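Given chain R's structure and the hints, the job is docking chains U and A onto it.
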Amino acid sequence: MNQEPRPLAPWSGRQNGLNEKLVAIFLLALALFNPPLLAVFGVPASFLGLPILYLYLFVAWAGVILALALAMERTPDETPEDRGPGGAGQAGG
Amino acid sequence: MLLEWTVIGVSFAYLCLLFAIAYYGDKRADQGRSLINNPYVYALSIAVYCTSWTFYGSVGRAASSGIHFLPIYLGPTLMAVVWWIVLRKMVRISKANRITSIADFISSRYGKSQLLGGLVTIIAVIGIMPYISLQLKAVSTTFTVLLSHPNLPVAGQIQSAPILTDTAFWVAVLLAAFSILFGTRHIDASEHHEGMVAAIAFESVVKLVAFVAVGLLVTFGLFGGFGDLFSRAAEDPRLLALLEVGDAGRFGDWIALTLLSMVVIVCLPRQFQVAVVENVDEAHIRKAVWMFPLYLLIINIFVLPIAFAGLIVFPEGDINPDIFVLALPMVKGYEGIALLAFIGGLSAATGMVIVETIALATMVCNDLVMPGLLRVRWLALQSRKDLTRLLLAIRRWTIVIVILLGYLYVRLIGESFALVSIGLVSFCAAAQFAPALIGGIFWRGATQKGAVAGLVVGFGVWLYTLLLPSFARSGWLPESFVTDGIFGIALLRPYELFGLGGLEPVTHSLIWSMMANLGAYVLVSLLTRQSAMERIQAALFVDVFRPSGGQGSSRFWRGTAMLAELKALLARFLGRERTERAFAQYAERRGIDLARQREADPQLVSFAENLLGGTIGAASARVMVATVSKGETIGLQEVMEILDEASQVIAYSHQLEQKSRELEAATAELREANERLKELDRMKDDFISTVTHELRTPLTSIRSFSEILHDNPGLAGGQRQEFLAIIIRESERLTRLINQVLDLAKLEAGSMSWTLERVDPAEVVREAVNATSQLFRDKRIPLEVQLDPAAPILWSDRDRLIQVIINLLSNAVKFCAADRDRVEVRLSRESAGGGVVICVKDTGPGIPFHAQPTIFEKFQQIGDMLTAKPEGTGLGLAICRSIVERLGGRIWVSSRPGSGAEFCFRLPERAPAGAKEGTR
Amino acid sequence: MMPRSDSNAGDGTVGFSVLVVDDEPNIVLSLEFLMKQAGFDVRVARDGEAALAAMAERRPDVVLLDVMLPKRDGYDVCQTIRANPAWRDVRILMLTARGRDVEREKGLALGADDYITKPFSTRDVVERVRRFQTEGRH
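These protein sequences, in sequence, are chains R, U and A.
So the first sequence is numbered by my numbering: it starts at 1 and just counts up by one.
So the second sequence is numbered by my numbering: it starts at 94 and just counts up by one.
So the third sequence is numbered by my numbering: it starts at 1014 and just counts up by one.
Each statement offered as a hint is correct.
Examples of chain R residues lying across from chain U (beta carbon under 7 angstroms, computed):
#: 1; residue: 22
#: 2; residue: 26
#: 3; residue: 29
#: 4; residue: 33
#: 5; residue: 34
#: 6; residue: 35
#: 7; residue: 42
#: 8; residue: 49
#: 9; residue: 50
#: 10; residue: 53
#: 11; residue: 61
#: 12; residue: 65
#: 13; residue: 68
#: 14; residue: 72
These are calculated hints, taken from the structure and not from any lab test.
Treat the numbers as computed from the prediction; the structure is a model and nothing was measured.
All C-beta atoms, glycine included, are put in the ideal place defined by N, C-alpha and C.
Only chain R is shown next, with the shape it has when bound in the complex (with noise of 0.2 angstroms):
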């Protein structure tokens, strides 16, 4: 794809697909964090001497950490004209 910014609508311009990614780790976050998969979890047993469910919650916690990480600074910056008034105490009118 090309990616020179368009004369019309930039705020149309989709970014990167990064509000298509994010959507989805959040959606998974969503189902990690919660029942039903959090029952699975929710059992009297343990994994290197940790209780399975305080080990899943942390490891899928840092997961999403890092998926998010990931996608936060691997994608690169979106079209110098879609940045806002940027520093302190710019006016808006």
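For chains U and A alone, kept in the frame of chain R given last:
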């Protein structure tokens, strides 16, 4: 032994350090070298989310509910995932509109409504007060605990003391003083508190370090690591139960808490303050999105271990689990770590109180007090010279009052609630902002009345199901209110409204209040209409990422004002110097000379209102500017027109975009067609060039030998005969070539005449064999003929078929070595579909694989460039293919280089009748 | 200026050598006849590689070079000859049945000395080779 003065001294020194950081941060900001302009500070400042409730309360909750302390942190993680979409939009809107608080944001979105601003402020103050009191309670409790060393106070032992000896009171006073110093040193239009943010970020580091230090000490110092701790816990069935999620009702609590904490991470006034108002660059959100959840994860790793350790070390249950973080190091004699833990808790509490009270003070001042004062005529506020001092005073008093209210709440509610429960009550109140806040930036149609309705109803349900019962449990209301419901109506029991039981009070309250809030918000929004102002603001908020969003509201503003009056108005709130500076900047940016103007144009008026809004809030600013401006904001009709126009422009540009896409597509098609034509042209050119070459070659020989014979009449007889024979052969070759070129041209042009008739394929093969038999005899190559008697009679063109087979046979002979190779022609009936297959197979050199796909193309003689040039025109196979295809069949070759080739073609029983396009 | 050619054509009358390169046997036959008749020493090659091999074996004074050759085409052979300093003074007369101007340009650009389109006049060919001979002499 920790002496009282040691603890006080260290605490005081710590607070002084904080203030020094804040002071330095403000100084750097004044110099234009912002200390907080980096994403790490931003992410850390958002960690103000972790209050003393996290620091002490999480362990308390984990000790009683196990893993159920976690949703409070998983929820914000979920929201952080979509921050780039939600929070970035809020930041953009807030910068464009100089938003000062969440109340300002909501009021501004719904037509700069004073009513909404006030409502949000009231809900925030009432709702958050318990939260502030919680911090005071935490600090004073832990302070007492620390001083009681080495004895630990048993639960319930901390009594309410007379006010002046009550540590909570002094903590409140100290924090109030601190907040005033941090937050209201000067009134600033941008409402950035850089020093405060720097201090908050520092506090986030301190509390993280302190908590992790306690966690490490407990896990690895008091126990032998995670494994040891958990295996000790596994021996106790009481602890084992804490590791289960529980039944369906507990699932409900889990989900409710997750959703609750998910929305409050943007709805809590202090979170809105640090994440939106104090944001200096929206690019910082990029890092904060994952660093803030990471912070939460790290600070929570040791919560469960500390809780379990506490339960194991204090099995009698006489120690309040809320103070495990402090009690564990103390009881084991780690005084330094205990003091560090106390400082960490102090960090968590002070950070929260400072930011929260500053946020609330801004809201109370801008959205509650100022609008009220402006209405009171006898104060004659509108004609006072300098109001900046008044604004500051209002904010300072607000801070004092809010903190004292928090203190009162501690005194009243006392020990009856655990830390977490108090915090959740506040969470639930803040969550009421979510529909109006988040709905407002994505749903253009949401109306002011809808927002008001949602807030009022949701807040009402919260009051009834959460706050009032907490009063009842503290003895301020009759206990029967909780047990029997109001007026004894069982259906109205605050913890089991309409019979919904089996849930934690917070879950229960959240479900009802959110349902009521969302329902009212959506329903009323759908049933009511927006005013002109609402429509403008809704468009500005929802479409902030559109290019026109940056223009602000000036395009909707038709009012003008006398420049001098406008300046005077601003100077009263902002001070003369700052007003002059702002106007000068404006003039410079627009390239105009304000000194020559008497009247401020609509754009300047709009700019002034925006500027003023940054100090006193959008709603009040609008009222103030209206007092000096002539002409109103335009009417609803005009707004509709402008918005229509805007949407028409958008629609038009969409159309344009569509058109240009179509044009692009058409251009691409044209280009492709052109390429194809060029390619055809090139092929034709190649074809002509090749034909020319093929014609000229025999012609060259003919001419040369003719001239030789002509110039040398005395040539020897033998040589003469030889040369003449060459001339004859080359002439024949020339004729053959010309015939074939003509044939092919006719075939391709479709002008070849076809005679379809009954054809016996066996007879056709025999005919072709006869015609070529001389060739075979010449090279002494045996030709085997196999004819299937079952082959059907065809409806086809006899002469063309003979031509094809002759071509194939002579082709085979050409490549065969004399005396050695063999050729075989075979006619068979096609089993499927009727028709026949005719194959000519030789044992010659075969065809290289790379040449096979193009062998039926014109002039694709194999051997070209690689071996000696074969005889023939290079058109024979091309003609064969054209004929076979015209007759409805298909021709193909199979060959393995080195072991011969087999050309086959299939013919249907009936050739398609006369269709020209059948010729290829 | 041409020290090498002296050794070959220095003794004057005999030994002006022509290499005929073409894959069409009858054309080769006619050219061979014509060159021999004109008194030149004639050798023949049927493709590009054979031509270069013959060149390496003994340097001819003139190469009659067809363009459409198997294995290595005439342009390739021409370029290879010109790339070798020892063969710098070998005269190349290109023959082609493709009459387009581009091909003529290409041949000359690659270092051919002259260019003739098939079918050619036999006298013309002999004439041009003779001209090379006399040019090489002064």
